[in-house]
Amino acid sequence: MTAHYQLDDDGVVVIIGSGAGGGTLANELAQKGIDVVLLEAGPHLTADDFVNDEWGGYEMLSWLDKRTSSGNWRVAKDHPTAPSWSCKVVGGTTVHWSACCYRLIEDEMRARTVYGDVPGASLIDWPITLADLEPYYDKAEAKMGVTRTHGLPALPPNNNFKVMYAGAKALGYDSVSTGRHAINSVPYDGRPATIEDGFTITGDKVGSRWSTLNVEIPRGLATGKLELRAECCAVQIEHDAAGKASAVVYVDAGGMTRRQKARAVVLAGNCVESSRLLLYSTSALFPNGLANGWGHVGRHYLRHIIQTVWSIFDKPVNMHRGEIMIGMLDEFAHHDPSRGFAGGYYVELNSMGLPTTAAFLDPGWWGRDFASVMEQYANMAGIFMSGEDMPQPDNRITLTDDVDTYGVPVANIHYDEHDNDLKMRSHGYKTLSGIHKAAGAKRSIEAPAYPASHNLGSNRMSARAEDGVLDGHGRAHEVANLFVCDGSQFATGGACNPTLTIVALAIRQADFIAKEMAGGAL
Amino acid sequence: MAIAHKDPKLPPPEPIPEGPEWIEELGPFASVGETLAVLARTLCPHDSLPERCYRRVVRAQDRIAAETQALGVTVRDFCALLDSRMPLPFAELSESYRVNILKTLENEPAFIFLQRSTVRFLYDDVEVWEAFGYEGASVHLGGYIHRGFDDLDWLPNPPSGD
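Chains as they are written, first to last, in the numbering used here: chain X, 1 to 522; chain D, 1 to 162.
Since the hints were derived computationally from the structure, they do not count as laboratory data. For each residue, glycine too, the CB sits at the ideal point set by N, CA and C. Accuracy of the hints is not assured; some may be wrong.
[As the list claims (entries may be wrong)] Below, in silico cross-link-like pairs of lysine-lysine (DSSO-like), each with a Cα-Cα straight-line distance of 30 angstroms or less:
| hint | chain 1 | residue 1 | chain 2 | residue 2 |
| --- | --- | --- | --- | --- |
| 1 | X | Lys-315 | D | Lys-103 |
| 2 | X | Lys-515 | X | Lys-261 |
| 3 | D | Lys-9 | X | Lys-442 |
[To be verified] Beta-carbon label-pair distances, calculated as ranges:
| hint | chain 1 | residue 1 | chain 2 | residue 2 | range |
| --- | --- | --- | --- | --- | --- |
| 4 | X | Lys-244 | D | Glu-14 | 35 to 43 angstroms |
| 5 | X | Asp-402 | D | Pro-12 | 34 to 42 angstroms |
| 6 | X | Thr-257 | D | Ala-66 | 27 to 35 angstroms |
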């Protein structure tokens, strides 16, 4: 019972992007009996297609279409045409992610009130509260099978975690644990337990990790209400005379341009693509792009304070064995002005194989010293942080004069680091290196951020229309049937890995869309 | 020395000739193959690695250049520049002279391409994985759950559940 909708069927909800937000929303709506067309720019791969190979997986899954970058962030120098890292495949970046599942904390959702006026930062409070989200976090954790929630056991410590644990305990960071992940420690929901293969990020051949590819989309398709169109790249959103979204123009696998009519349109293509689509969808009514009357589309772009410290020990670690990011401590997660900066960060685990360790250790580094570090790969451990960066109006996605194969302008990402960001980076490096030193590290290397994978904020929600793009349900302030369902809707970034929050917001948005439809408002 | 595995779905590594004829298999870089192999070893000097590891890097770089004509020209010009800096060709210089020349050229587009691609391909080589202790693909072997994912024994074990 496969759904098939006509292009001129204006009763369907069209969702652009099948990742954590779009894939989850598609299933949630289909379960409620709502007709959904899910457009995905990338191919529909299966577990059998995936490879246990870092570069092979990267090239198979990543969004590699050209982008440009500017600003003083190191990414613009190291990865100038690939500043942001997401996936172009059915399942989106949930096919790649390492499955950390942490909740926002209450202070983070009132960032402007709690942090105060941070000069140069465009902080706002979220238009919703943690209490609004909590029931949806519960549902998200249940559907994703998050360890240490709903009675699910923790993931077992691996070698890399043993190093983090020893260092953290020696310094009195007693919150250290293997953390919470949407990776099965025991069989759950028809999916097997992990075999600790270490290749979650190249597609997860085993299927022990939740993704929209292996959970949400198949279940949505089984309802007969969801039609998935893979290799269909949205290029523009159209509206009717009344200013309501009416259709999505896309290019299909055969290169044909199609126009799918819509009752409502949801953008869930990750920050860069969702903002790019809105900016490119100009008209007489929306001369600066759809839903961009206040000029916030593309602005306040966030990518988190993400960095890794790699340390060398006297004895083998073999960090590549086992799940990648199973370690967390939250001693620094809460806002604490005595540290000299606003916001907090989580300390987490990180491991990479030899190919990507070499590539991301310090891009551009060469010579005897670099080589001697690489030769000690087997004795290397990795520790990571994800922290809150400050929103700034000029950190933004814009359209360039260059165009892609579909004639759509290539996006530029501009990002300058705020002083607050730099203070947190320095503090974080000291914490990460300190933990490894306490476990016996003989040398630590402060690796810079790699291409941004936590892309947030560029179509943010706000209580007042003049402060953002969306309301508290992710609906455009200016277009009543246009929604955003990816990380770009975040009002501020918080510190933790964003996927759990994206999924919780998607479930909440599905409830809202269904209610509006039932009430005749949509 | 580890035993490393390439994913069985991917093509196995191609052999490369041990003799000087490896150069003859190159396309746009046939005239500069030896210089590029010495350059790769200068950028990532591992005394334990045999010459074939660096030759495979050059072969991979050559294949990229075969698809981008301008890149071939840029790199060949760069090699000519390297050879012009001292009374001996770059490939015949001792290491410190090679390093000093390269330090003056780090912002050249050809250098950036060659440095990044050397790192990209050298450390994606199964022979190099084995030399430095990376074991590679694992799902086809049952993962690492029974092959040492938690065998570190020089620190105390965390309590179970942590």
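State the violated hints by number, sorted upward, taking the hints as numbered earlier in the document.
1, 3, 4
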